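Residue numbers (my numbering), protein chains in the order written: chain A, 1 to 305; chain B, 1001 to 1333.
None of these hints come from the bench; they were simulated from the model.
Just to be clear, a hint being listed does not mean it is correct.
As the list claims (entries may be wrong) - Derived coverage of chain B by chain A (criterion: at least 3 residues anywhere in the stretch with Cβ under 8 Å from a Cβ of chain A; other residues may be distant):
#1 1061 to 1069
#2 1202 to 1212
#3 1215 to 1227
#4 1277 to 1288
Because the structure is a prediction, the values reported are computed rather than measured.
Glycine included, each C-beta is placed from N, C-alpha and C at the ideal position.
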Amino acid sequence: MTVAVDVLRPAGKERVHEVVTPEGVRLQFAIARVGDRIGAFLIDAVIIIVSSILIVVAAGAATGFDETGGWLWAFVYVALFLLQTGYFIWFESRGHGTTPGKRRMGIRIMEAEGGALTVEAITVRNVMRILEVHLPLIAILAPEAFWESAPEWARLLASVWLLAISALPLFNRNRLRAGDIVAGTVVVTTPRTNLEDDMGGDAPIRRRAQRAPAHGFTDEQLDIYGAYELQVLEGVLRRLDRGQADPPLLQAVADRIAAKIGWKRKIGRRDVGAFLSAFYGALRARLEQRMLLGKRKQDKHTPES
Amino acid sequence: MAEVRLRSYEFRSEREAAWQRLESLVDRVEKKGLRCLGEEELLALPQLYRHALSSLSVARAISLDRNLLLYLEGLTQRAYLAVYGVRRHLRETIAAFFLTSFPQALRRYGRHIAVATFALLVGTIAGFVLTTQDQDRFYAFVPGDYAGDRGPLASTASLREALYDTDHESGGLAAFASYLFTHNARVGMMCFALGFIVGIPVFLLLTTTGLLLGAFWALYASRGLSMEFWAWLSPHGVTELLAVLLCSAAGLAIAQSLVFPGRQTRLRNLARRGRDAGVLVLGAVLMFLVAGLIEGIFRQTVTSIPARWALAASTAAFWIWYPLVLGRDRKAS
């Protein structure tokens, strides 16, 4: 059961957050990368800052930049406040846990146990930004502003403390920031994969295999490789299908396989695609058949288990 | 050679149409929300989701097609969040929030609110006493930009004017008032966030807010404007200070869950408590808005002291009545 998943995430770098659905199926959500989250935050921050400036400029133009006068400024203050605190809460509770920035970076928030994302949780995780973003910014840019008469060392200590809280996502497995911890949320990616033609399906195989000489592979030849190699070959063939294949690479792959399985006949340049497709079809049929019997072979190095 | 026919291929070709239908539904839900689905589609969504989920289980067992597996994993994850990760209809949520969960949270966190109130009161009384003894201390408690041009050096007349300013020049004061409002709302939210660092800063912030309040009170009291000061402050202040107290109570609650985690681990306890106390924070944010409206509109247009007291008294009465009456268990009826 887990083998297929292991193959799917070969690098092991991507961290996953596992949720068992009420139907009893385990789903593994990929934890969003820190870089993506910073990127999303920057996009949102730019949107907020630019709209704040626009509001102020518009109000300024309307009042002739007379800051002491006018009800307008009262509304401007409230509008800015709403924009700055409400932006994330509004978008995350409306847009399925995404903001414009998050959507752009392909990440979203979810409730850690997979339940419904409540407005309360969203409020909490975003109110915490005061501690994670605003206070550290003040601490860096204007330390005297929030602790006037403190000695230098105390100020330094407080700043380090605040920065450590902002850097929290770097230090835990699920990359939770303080807001996520308190609200019980996780930021994940839900990548979109297009469903392409099945490489083992009728169309591609027949298309290529028609022109091919008879390819009969023995079970011994097919038992050499495992799921990992099959899926690498799938990648190669998909590139070929999209017309992105590079012929020397194809030839090299075909030659490697031929040498490994002891394929006697010479594979001509025109036959390479046909050979690889046929081998893919046969290998997948063989491996999947073994899977039905409960035998999995992960790659060429590991024995069937 | 015989045609290559894979079981996993058959499996896929039988189900592909349903997956693609699900994908198009999920796409739309992600863009526009559940509301954009018709009745029939709304019924189809969970069925198609379960169908895709069972396809995924089967595919994990029988298929080695990497693209197919990735596709199904991604599709079921998105569909799962579309089916389970979505809150109820907004209107229902709002009703449930105000009628049940918010008043219940107010009762549940009664003790925390009491502690926060105590810290604020201590600050206020200390600020009042200290400033009364020595007017110059006003500047120690009140930051310059917060005071505006109010201070011990200001004339009584100008101080009085600040309380009643409604003529056209008071536009500046309206702006100042909403500046104070955003400032106070930030203080409130900070009170919550600081709970994450074990809560001591919450007390600090509450006490300094109290000192500031007390200093202003002392300043006005020294000119015999004490009652008028409270009449000026209370209409919005009751709601606003209560909101600060709620945020602080929520902050103290998460601090408590950090220091005394009880039977669960700290992290888990924190997440549970955070979400629970989040009801208070959300309520407080909305209260800040109400207070801001009162402050911006009512206080600038109504200057009669009885009217101000009347509004202050009715908001106070409301905030006493609200948690005591609403959100009680319906078992009794």
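Status of the hints after comparison with the structure:
1. Coverage of the stretch 1061 to 1069 of chain B by chain A holds in this model, with 9 residues showing a Cβ closer than 8 Å to a Cβ of that chain against a need of three.
2. Three residues within the 8 Å Cβ limit are the bar, and the stretch 1202 to 1212 of chain B against chain A gives 0, so the coverage statement is violated.
3. Only residues whose beta carbon comes within less than 8 Å of a beta carbon in chain A count, and the stretch 1215 to 1227 of chain B has 0; fewer than three means the coverage is violated.
4. Figure legend: the stretch 1277 to 1288 of chain B, annotated as covered by chain A; annotation consistent (6 residues with Cβ-Cβ distances under 8 Å, at least 3 required).
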